[in-house]
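> Use these hints to put chains B, C and D onto chain A, whose structure you have.
4 protein chains.
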Amino acid sequence: MVRFECDYGEGAHPEVMRLLAETNMEQTPGYGEDAYCQKAKEYIRKHCGADDLDIHFLVGGTQTNMTFIASVLRPHQGVVAASTGHINVHESGAIEATGHKVLPIPGTDGKIYGAQVKALYDGHWALSNHEHEVQPGMVYISQPTENGTLYTKAELEELSKVCRECGLPLYVDGARLGYGIMSPANDVTLADLVRLADAFYIGGTKQGMLFGEALVIVNHALRRDFRYILKQKGGMLAKGRLLGVQYCAMFKDDLYFELSEHADKLAMKLKSALAELGYSFLYESYTNQQFPIMPDETLEKLSAKYACSFWERVDDTHTAVRFCMSWATREEDVDALIEDLKALSK
Amino acid sequence: MVRFECDYGEGAHPEVMRLLAETNMEQTPGYGEDAYCQKAKEYIRKHCGADDLDIHFLVGGTQTNMTFIASVLRPHQGVVAASTGHINVHESGAIEATGHKVLPIPGTDGKIYGAQVKALYDGHWALSNHEHEVQPGMVYISQPTENGTLYTKAELEELSKVCRECGLPLYVDGARLGYGIMSPANDVTLADLVRLADAFYIGGTKQGMLFGEALVIVNHALRRDFRYILKQKGGMLAKGRLLGVQYCAMFKDDLYFELSEHADKLAMKLKSALAELGYSFLYESYTNQQFPIMPDETLEKLSAKYACSFWERVDDTHTAVRFCMSWATREEDVDALIEDLKALSK
Amino acid sequence: MVRFECDYGEGAHPEVMRLLAETNMEQTPGYGEDAYCQKAKEYIRKHCGADDLDIHFLVGGTQTNMTFIASVLRPHQGVVAASTGHINVHESGAIEATGHKVLPIPGTDGKIYGAQVKALYDGHWALSNHEHEVQPGMVYISQPTENGTLYTKAELEELSKVCRECGLPLYVDGARLGYGIMSPANDVTLADLVRLADAFYIGGTKQGMLFGEALVIVNHALRRDFRYILKQKGGMLAKGRLLGVQYCAMFKDDLYFELSEHADKLAMKLKSALAELGYSFLYESYTNQQFPIMPDETLEKLSAKYACSFWERVDDTHTAVRFCMSWATREEDVDALIEDLKALSK
Amino acid sequence: MVRFECDYGEGAHPEVMRLLAETNMEQTPGYGEDAYCQKAKEYIRKHCGADDLDIHFLVGGTQTNMTFIASVLRPHQGVVAASTGHINVHESGAIEATGHKVLPIPGTDGKIYGAQVKALYDGHWALSNHEHEVQPGMVYISQPTENGTLYTKAELEELSKVCRECGLPLYVDGARLGYGIMSPANDVTLADLVRLADAFYIGGTKQGMLFGEALVIVNHALRRDFRYILKQKGGMLAKGRLLGVQYCAMFKDDLYFELSEHADKLAMKLKSALAELGYSFLYESYTNQQFPIMPDETLEKLSAKYACSFWERVDDTHTAVRFCMSWATREEDVDALIEDLKALSK
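Protein chains in written order, with the numbering used here: chain A, 1 to 346; chain B, 1 to 346; chain C, 1 to 346; chain D, 1 to 346.
None of these hints come from the bench; they were simulated from the model. Keep in mind that the hints are not guaranteed to be accurate.
The calculated lysine-lysine pairs, modelled on DSSO-like cross-linking and capped at a C-alpha distance of 30 Å, are [to be verified]:
| hint | chain 1 | residue 1 | chain 2 | residue 2 |
| --- | --- | --- | --- | --- |
| 1 | A | K305 | D | K39 |
| 2 | A | K39 | D | K305 |
| 3 | B | K39 | C | K305 |
| 4 | C | K346 | C | K305 |
Values in this document were obtained by computation on a predicted structure and should not be read as measured data.
Pulled out of the complex, with its shape left as it was, chain A reads as follows (with noise of 0.2 Å):
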């Protein structure tokens, strides 16, 4: 069986292990306040581009999202979000049980625009009776989103113009962060991030580390006491040092954007085929994951040999799947279900 369910089905890439196992027997402080945490800090400081960062390591991506939005909002607001986002469905309810609420941006292609803040914003404030409602206190996406598409660096920048106008801080949720950074279809940067948001985590879990969320926060504003949040969330991992040598690994040189790449090539050699056989798309994913409309004839051929990922119905004889590359996705592996496709479609 050649799965292409997740992008998380493996442990870590062969040197993160390699780095974990070779500094083991050190003795370092608890807690993040190790040697090897603030290298990786200096390592992704680097990439960006950028001295002044205040950068945490997390376990996890839900974690990271609850315990940073909780950690910018007064009680009375909530945060804006796409209905599809992460923090509106799949987290269960983290984001309400820290006392605020997600204020959904209704769309079809996982992505918030400009103009659609600018409205919700100011329809807030021109309610004569505003303390009624939520007060928009934040703005999260996700890039790459939850479907695979990304934002233009345009986008990205008019979006983040009315944020500042409007004083809402903006958080980008970066779980696949590297997917979209590598995607051909890509122009936004790791510096671009600095400049236009006011935080964001560079995702691990997802890019080929055990685990390990790097959240970014460049907004001055937002940066004090937020270890004692960390802590009171239940992030504060004791041997710190297990995220910070993994960065290390991955941001000492390249390694966290060769293994995006990696996988965000082979998700292209399978869109390609895929759309060459006359398959259509539920979302335009130029990420490692791929949304096919199939045949549930064709998906039931294939079950023998491939996994993948139900995502949601469409009529009555097609389904809309996900398949999921990785940086441990073998390209013979992709090679062989291209075959397979082609030889179902004759």
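Frame of chain A, contents of chains B, C and D only:
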């Protein structure tokens, strides 16, 4: 200026004021444990046709909703509501502040239907990873709704049936329950609510009292320790007798219903007149709130003599507004308004 | 039966009732935006000798405490209080329910002192891993305290000085503030509170009103968006004018203080008589609450004619009880009690 | 520099690292639903001598405590704990952030006793207005305690008996459970915990794993929907297999206990040596943490070669410090320390 903006513009019905004055110098125990609260509960039980009802008096609607909902749900559960439901849009995130997501069901008439709840519930449990999403934990509806519409007995029976099949307590926000019960279009009684809901509240603030909402908990499983949570959320009035006395005035005989009937009758008079004059309505309401769509020009002319509430822009030259009738509205004022509307239509 | 159990046994002072009745049929905007609330704020500002005060009216003390404290603290911060403070022991965990720890300072007289706050603050920041503990974020005191004791002006100045040095807002619970201000032992004025505290509330419920607490926010930094949080926590009264009207009755002239003085005077009369008869006291109170320690035998004899509150067991044959005087207490009842006590002592 | 500061300075025991490396490229389902987690649960059940245990793996102790406690309590309930309990002092208000008060029982040895819990419980329910105070909802203890002390089987039986009489679930924080179990002073087994507690966790982070705590829920009533809350609080590790694999390494045979025994043995060696040299101890610990009181002069001399943790100032010239032994501590380092201490005593 004659004001039709809302149903809470005046103080309380004279009989309420009289009884408050009459009992003012009596010494009673605090926190709702006085004889007036006990008596008021007996009156309400009688009107409901049920002996075994757990009744608590609170000061306001938002307080009642958030206190009861927080007392019912476990941390991972959310409350299902119409997207237009008061808890979803007009309580400043009170529910989320207690840790729970509102799970909105979209719609235009302010109501949710059994089949929609069933679909949402089944959809949740059909997920292979349902623990990544908020679990539906109870259902909230308003009778009448925020739009002035009414659930029919058949609709409520269907909804109640689904809720019981799914193990979801059904809670009814009755901020304007009297206006609903006395509507000419209504076939739902207090006894029906006892039979079909797990809890509901009988609103006082908008129905002729200074303040006050009577929460009726029917389901025994939802009664335990409610007074602790009432105290914790700031809803336990020190001089609780003030609530008891007011509900005594209202429910000793039929004052609550007589006042509601008065408002509904005037609302129907206005509704008929508006319809005859060719106005359409944003919502089809048979209760004390009417939402006609009117030319901006007409509204401007009316504004010299009458106040109503802006509701929403309909097009470039028309606006939906709200006219509220209450226990305190005078028939001659409604008549004058109708005459002026007729004059403007010529 | 003559009742000395508490200071909220009756309704409201007749002048309060009169003004409520007189204004009952006026139509006003809701939610505290009416002219009576504005006028009442002006009266209070005048009594405080300060023009620039942000004032909000709430229904009860627990509600006021939890709403204001939740509006001030960030998630990782706690509120420093005497271990006997109302928020620590008698609010059913209302503060914790908003996410914050109460950081108790032990003591016996209900007060906390500047040096104690300084030590707690310095101790926190001296920790190498302070982010593992709750950060002190503000200070809560009661004037008078729950034990009837009073902060002197010098004590309050010292506490205020420490709080400002530490950046900790100082908040004063004034549920019985009038009884404190008019105490013969008091040297703290409303103007002193404006000068020394960041916020305080002027209690109405226990001071002759039906209900109501006037929160005075002095510090500009703590004012922002308070009305949202007021609404969210269920504390925004629809017919807010009821609070405005009552505070108008109390603060237009000096009624609030005259009623307090009356109660304090009777309390001092009882205190002197008890002392002369050789009784000792659990707390040295110069306000409307007195806590004598009495033989159980005596208490039993009194109980046929007088009601007081159990406070705590002192030894096998003695109990500390509370006698409360209020605006409604009649001097002849206190005199009769004193005579009966004298007779029992013979 | 030889470091005795804590028991989480190194990575993981080599066998843990070996198994992680060996399984690294296997594809498994995420979120703890893999075969390694299942196998690890079986091993733990076997060590506990019980088939019917609900087991969940979490990353850290604070996360485990706050997630489980939040899943058990209703909003008005608090958790009873020793005032020195980890949840009361070292988790940055994590429990309060989920809405619940910690109800501290004062003490000096880190333990709470059945009679104390009974008194607290009875005291609460004896109040006429108990709903004004936080209701005790469960009991939290640590075995061994934060002070290195141990509950005896008799003490635990008494506490468990009281908890069951009072309907209070008993939860045991086992961050260092292995060191407790293998202590020469211990008579409490895993099977005893299954018999006496409603839930407990078997700590991994401080016991030789990279990270990980195994929460064992014994009581069926406390199991429902736990995975939702685990996800919501950010505690559901995407690559959950990492926890399963590590616990497999530890519990397949007796590695967990052998490593604990090693640390305890070295701690006892140091304890004896210190006692012989005349040192006294802040706490009487028979586990891997030792808290001797030492002259500042001695500590300064030691600091050139050895690191320990500051615990508290005892007097002007003495300090209590903590020496921690762990799976990774080398006997020759302890021997060298003892020799140096002897030399300093001459």
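> All hints, please: hold or fail.
Checked hints:
1. Distance restraint check for K305 of chain A and K39 of chain D: the Cα-Cα separation of roughly 26 Å lies within the 30 Å cut-off, and the hinted pair is therefore satisfied.
2. Straight-line distance between C-alpha atoms of K39 of chain A and K305 of chain D comes to about 26 Å, which keeps the hinted pair within the 30 Å bound.
3. For the proposed pair K39 of chain B and K305 of chain C, the alpha carbon gap of about 26 Å is at most 30 Å, so the pair holds.
4. Using a Cα cut-off of 30 Å, the hinted pair K346 of chain C and K305 of chain C holds, with the two alpha carbons roughly 19 Å apart.
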